[in-house]
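Trainee: Okay, here's what each chain looks like letter by letter:
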Amino acid sequence: MSKKTNTYTVSVYTENNIGLLNRISAIFQRRHFNIESLNSSLSEIEGVSRFTIVVEMTEEQIKKIIGQIEKQVEVIKAYYHRDEDTIYQESCLFKIKSDLLFEERQIQNIIKESNARIVTVNKEYFVLEKSGRRIEIELLHRELSAFGILQFTRSGRIAVTKEPMEISQKLASIKQ
Amino acid sequence: MKETQTIERKQESIVSATVISGAEAIVKCLLAEGVDVLYGYPGGAIMPVYDELYKYEAKIHHVLTRHEQGATHSAQGYARISGKVGVAMATSGPGATNLITGIADAQIDSTPMVCITGQVASHLLGSDAFQETDIVGISTPVTKWNHQITKASEIPEVIAKAFYIAKSGRPGPVLIDITKDAQIEKFDFEYKKCTGIRSYNPEPAVDAAAISQAAQLINAAKKPLVVWGQGVILGEAEEEFKAVIEKAGIPSAWTILGASALATKHPLNVGMVGMHGNYAPNVLTNECDLLIAIGMRFDDRVTGDLKKYAKQAKVIHFEIDPSEIDKNVKADVAVLGSAKQSLALLLPHLNINTHTEWHQKFKDLYAVEYEKVIKKDLYPTKEGLTMGEVIQEINLLTKGDAAIVSDVGQHQMIACRYSEFNKTKSNITSGGLGTMGFALPAAIGAKMAAPDRDVIAIIGDGGYQMTIQELGTIFQTKVPVKIVVLNNEFLGMVRQWQELFFDKRYASTELINPNFVAIAKGYHIEGQKVTKRSELKGAVAEMMACDGAYFLEVCVEKQGNVFPMIPTGASVSDMRLS
Numbered sequence: 001m002s003k004k005t006n007t008y009t010v011s012v013y014t015e016n017n018i019g020l021l022n023r024i025s026a027i028f029q030r031r032h033f034n035i036e037s038l039n040s041s042l043s044e045i046e047g048v049s050r051f052t053i054v055v056e057m058t059e060e061q062i063k064k065i066i067g068q069i070e071k072q073v074e075v076i077k078a079y080y081h082r083d084e085d086t087i088y089q090e091s092c093l094f095k096i097k098s099d100l101l102f103e104e105r106q107i108q109n110i111i112k113e114s115n116a117r118i119v120t121v122n123k124e125y126f127v128l129e130k131s132g133r134r135i136e137i138e139l140l141h142r143e144l145s146a147f148g149i150l151q152f153t154r155s156g157r158i159a160v161t162k163e164p165m166e167i168s169q170k171l172a173s174i175k176q
Numbered sequence: 001m002k003e004t005q006t007i008e009r010k011q012e013s014i015v016s017a018t019v020i021s022g023a024e025a026i027v028k029c030l031l032a033e034g035v036d037v038l039y040g041y042p043g044g045a046i047m048p049v050y051d052e053l054y055k056y057e058a059k060i061h062h063v064l065t066r067h068e069q070g071a072t073h074s075a076q077g078y079a080r081i082s083g084k085v086g087v088a089m090a091t092s093g094p095g096a097t098n099l100i101t102g103i104a105d106a107q108i109d110s111t112p113m114v115c116i117t118g119q120v121a122s123h124l125l126g127s128d129a130f131q132e133t134d135i136v137g138i139s140t141p142v143t144k145w146n147h148q149i150t151k152a153s154e155i156p157e158v159i160a161k162a163f164y165i166a167k168s169g170r171p172g173p174v175l176i177d178i179t180k181d182a183q184i185e186k187f188d189f190e191y192k193k194c195t196g197i198r199s200y201n202p203e204p205a206v207d208a209a210a211i212s213q214a215a216q217l218i219n220a221a222k223k224p225l226v227v228w229g230q231g232v233i234l235g236e237a238e239e240e241f242k243a244v245i246e247k248a249g250i251p252s253a254w255t256i257l258g259a260s261a262l263a264t265k266h267p268l269n270v271g272m273v274g275m276h277g278n279y280a281p282n283v284l285t286n287e288c289d290l291l292i293a294i295g296m297r298f299d300d301r302v303t304g305d306l307k308k309y310a311k312q313a314k315v316i317h318f319e320i321d322p323s324e325i326d327k328n329v330k331a332d333v334a335v336l337g338s339a340k341q342s343l344a345l346l347l348p349h350l351n352i353n354t355h356t357e358w359h360q361k362f363k364d365l366y367a368v369e370y371e372k373v374i375k376k377d378l379y380p381t382k383e384g385l386t387m388g389e390v391i392q393e394i395n396l397l398t399k400g401d402a403a404i405v406s407d408v409g410q411h412q413m414i415a416c417r418y419s420e421f422n423k424t425k426s427n428i429t430s431g432g433l434g435t436m437g438f439a440l441p442a443a444i445g446a447k448m449a450a451p452d453r454d455v456i457a458i459i460g461d462g463g464y465q466m467t468i469q470e471l472g473t474i475f476q477t478k479v480p481v482k483i484v485v486l487n488n489e490f491l492g493m494v495r496q497w498q499e500l501f502f503d504k505r506y507a508s509t510e511l512i513n514p515n516f517v518a519i520a521k522g523y524h525i526e527g528q529k530v531t532k533r534s535e536l537k538g539a540v541a542e543m544m545a546c547d548g549a550y551f552l553e554v555c556v557e558k559q560g561n562v563f564p565m566i567p568t569g570a571s572v573s574d575m576r577l578s
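Heads up: the protein sequence lines correspond to chains A and B, in order. Mapping to our numbering: the first sequence position 25 is 25, numbers consecutive. Mapping to our numbering: the second sequence position 94 is 94, numbers consecutive.
Read the hints as simulated data drawn from the structure, not as lab findings. It cannot be assumed that every hint is accurate.
[Stated by the list, open to error] Partner residues are not named here, just some residues of chain B that face chain A (Cβ under 10 Å, in silico):
{"#": "1", "residue": "147"}
{"#": "2", "residue": "165"}
{"#": "3", "residue": "170"}
{"#": "4", "residue": "200"}
{"#": "5", "residue": "322"}
{"#": "6", "residue": "324"}
{"#": "7", "residue": "325"}
{"#": "8", "residue": "559"}
{"#": "9", "residue": "568"}
[Said to hold, decoys possible] For lysine-lysine, the following DSS-like pairs were computed, each having C-alpha atoms within a straight-line distance of at most 30 Å:
{"#": "10", "chain 1": "A", "residue 1": "63", "chain 2": "B", "residue 2": "161"}
{"#": "11", "chain 1": "B", "residue 1": "399", "chain 2": "A", "residue 2": "64"}
{"#": "12", "chain 1": "B", "residue 1": "327", "chain 2": "A", "residue 2": "4"}
{"#": "13", "chain 1": "B", "residue 1": "311", "chain 2": "A", "residue 2": "4"}
{"#": "14", "chain 1": "A", "residue 1": "4", "chain 2": "B", "residue 2": "399"}
{"#": "15", "chain 1": "A", "residue 1": "162", "chain 2": "A", "residue 2": "64"}
{"#": "16", "chain 1": "B", "residue 1": "363", "chain 2": "A", "residue 2": "71"}
{"#": "17", "chain 1": "B", "residue 1": "399", "chain 2": "B", "residue 2": "363"}
[Claimed, not checked] Reference listing, derived: stretches of chain A covered by chain B, where coverage requires no fewer than 3 residues with Cβ under 8 Å from a Cβ of chain B:
{"#": "18", "stretch": "4 to 10"}
{"#": "19", "stretch": "64 to 70"}
This structure is a prediction, so every number in the text was calculated from the model and none was measured. C-beta: ideal position from N, C-alpha, C; glycine also.
Just need the whole structure built from these sequences, with the hints factored in.
Mentor: Spelled out as structure tokens, the structure:
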């Protein structure tokens, strides 16, 4: 099997349990894999959580990791996908001095062109929100850096797959 | 890979509602699960449960070990010989952390065990209270499942799940941590056994197509080799397994944990694979045309260098745990499911075969190993006693009917290589984790679970001293285990590696030992020390004739080595005979 590494988006459907995040992250830690991002949320199925984990490894490695994740008692199903098989987004927030919004006309253009959204404005600062691909967020970050950013944070990836997730129909049919 | 089948949660009511404390509920849950003995050690945060155990002592036997680690190994020994779930109990903090070695051992050796720990009251959680430790966090990587209970009402459902998870599918340890307030709180108790969990598919359904592909490969093979593991024992598939190998005439070798699933003297039993296994099955792993792995996981001690492991052969892997497929060795055909069901389905598809010429190769290589290794081990002519001749003396007296509980190291390899087994579940040893100190407490549990069987612990002088305090448990419970310490005054396996790979620099491996017989006698355990060959037979006979527990120390040669050996990183076919 190829030794080439890829970025994989891992989607894990689980019962909602306090200790599960530890169990899942320990699987990566034990094998010295860095988790690039991890997001946990509700899923499309009531009472079922969904972890979205982004990792870089070979396909052979990700297959073994999926096996270890699915082995956990409270994991219902785990999948892995390449970037081209998913629609994925990240989100970020910038906190910037309000003065700049009026003094630097360029900033207004950057906001418009990047499809970023102003979440709030007050006398001191304004907060800008941008969702999109990593590359778009990085571009916006570079552009705004020139003017000074008070605070910046970026979320982990969230993703849905292009193909249907078979888990949805299967679990929907289970009577609780 | 077959998709996970989801099972609806079906529960059957077996105990009807009454208002009781959480602590009493715990004991009632254990009784409902058929627990007759548990091993543990009391302390502050578990005292309400011990108070209930006092009341229920006619129904459930609590064995006070001398250390919580001993409690886990005793529970493991109990589980390994009986197939039932072993139970260990401890208090919070150090009581709980002392369980970890046994839990890790049970996890890697797939032993069904439920550990119950007390925890500080829920309002103190996270406050660094006295004897508070995050045992759920600590035990997560070494448990099949774990859970913390903070309300009494959770107790029945969680304990029911614990037993179900520990025993079903590929078994393993489960830890349930219960806060002290949940033990005291009163609630309406009702117990329902757990029979399924939505997210958990313990036994994948056997795929008929995989069975047929496996049968085709087996029927076409000229030089097939079976390597079986503990999956045959855990799946209670011994009969189905024997029927399959007998019909297809396949030479069959075992991993250390698979030992005793097939009688040692069965003509198709070609011995142990792995680092100190037998010569023929190791060497011929790299000559077979079909490797049939049954309920085993291709541990590195079994395979040696994976790049040179059975590369010429097609591989069929019968396995209950999907994550083991292709983990270490790529399977051409993977048959998921329990060994019992898979092998029963396979049998009718197999052609009758004998593979006479192929068998002859195993016999020829056995003859080589016999001349170079076995003869010297079992019938030595030099002065010093060998570990092998002690095992052989035990074989002669027990005729293969005893359960052998071994510790870790040279004596373990010798005990596993040379012990004769007629019955399944007879070889109890710490295989995956290699836990020194396992044998003495494990033998206690094994003997309690199988009082009609002879249970003989074979232990080195190093490992013995790691859990030697369990002599106190033996004295107090009067459990009649036989203890054989093979004393070479060294940490023998490490010394062997130092001799072979570290230019004989014996760093911290020589032991200055105490008077072991006097220590045993201090616990009122009969015993003697043997230093000469002429005394051995009589001493073993005296041990076996003794009604109670017995301690036998045999002073063996100080610098004996275990051969054959596959050095770390070498190929199975490069096994050294000397």
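Trainee: Now look at each hint and say whether the structure bears it out.
Mentor: Evaluation of the provided hints:
The beta carbon of residue 147 of chain B is positioned within 10 Å of a beta carbon in chain A (closest approach about 7 Å), and the interface hint is therefore held. For residue 165 of chain B, the suggested interface contact is upheld, since its CB lies about 6 Å from the closest CB of chain A, less than 10 Å. Taking 10 Å as the C-beta cut-off, the interface hint given for residue 170 of chain B holds, the closest approach to chain A being about 8 Å. Evaluation of the residue 200 of chain B hint against chain A yields a held restraint, the C-beta minimum of about 5 Å falling below 10 Å.
Below 10 Å, beta-carbon pairs count as interface contacts, and residue 322 of chain B has one with chain A at about 6 Å; its hint therefore holds. Contact between residue 324 of chain B and chain A, as hinted, is supported at the beta carbon level, the nearest pair being about 8 Å apart and thus within 10 Å. Proximity of residue 325 of chain B to chain A holds as hinted, the smallest CB-CB distance being about 7 Å (cut-off 10 Å). Taking 10 Å as the C-beta cut-off, the interface hint given for residue 559 of chain B is violated, the closest approach to chain A being about 38 Å.
Taking 10 Å as the C-beta contact cut-off toward chain A, the hint placing residue 568 of chain B at the interface is violated, the least distance being around 21 Å. The suggested pairing of residue 63 of chain A with residue 161 of chain B holds, with an alpha-carbon distance near 28 Å, which does not exceed 30 Å. Restraint check for residue 399 of chain B and residue 64 of chain A: not satisfied, since their Cα atoms lie roughly 44 Å apart, outside the 30 Å limit. About 18 Å separates the Cα atoms of residue 327 of chain B and residue 4 of chain A, which keeps this hinted pair within 30 Å; it holds.
A hinted pair counts as satisfied when its Cα atoms are at most 30 Å apart, and residue 311 of chain B with residue 4 of chain A qualifies at roughly 23 Å. With a C-alpha separation of about 56 Å, the suggested pair residue 4 of chain A and residue 399 of chain B falls outside the 30 Å cut-off, and the hint is violated. For the suggested pair residue 162 of chain A and residue 64 of chain A, the alpha carbons sit about 23 Å apart, so the restraint of at most 30 Å is met. Taking the CA atoms of residue 363 of chain B and residue 71 of chain A, the gap is near 41 Å; set against the 30 Å cutoff, the hint is violated.
For the suggested pair residue 399 of chain B and residue 363 of chain B, the alpha carbons sit about 23 Å apart, so the restraint of at most 30 Å is met. Counting residues of the stretch 4 to 10 of chain A whose CB lies closer than 8 Å to any CB of chain B gives 0, so the stated coverage by that chain is violated, three being the minimum. Chain B is given as covering the stretch 64 to 70 of chain A, and this holds because 4 residues of the stretch bring a CB closer than 8 Å to a CB of that chain, at least three being needed.
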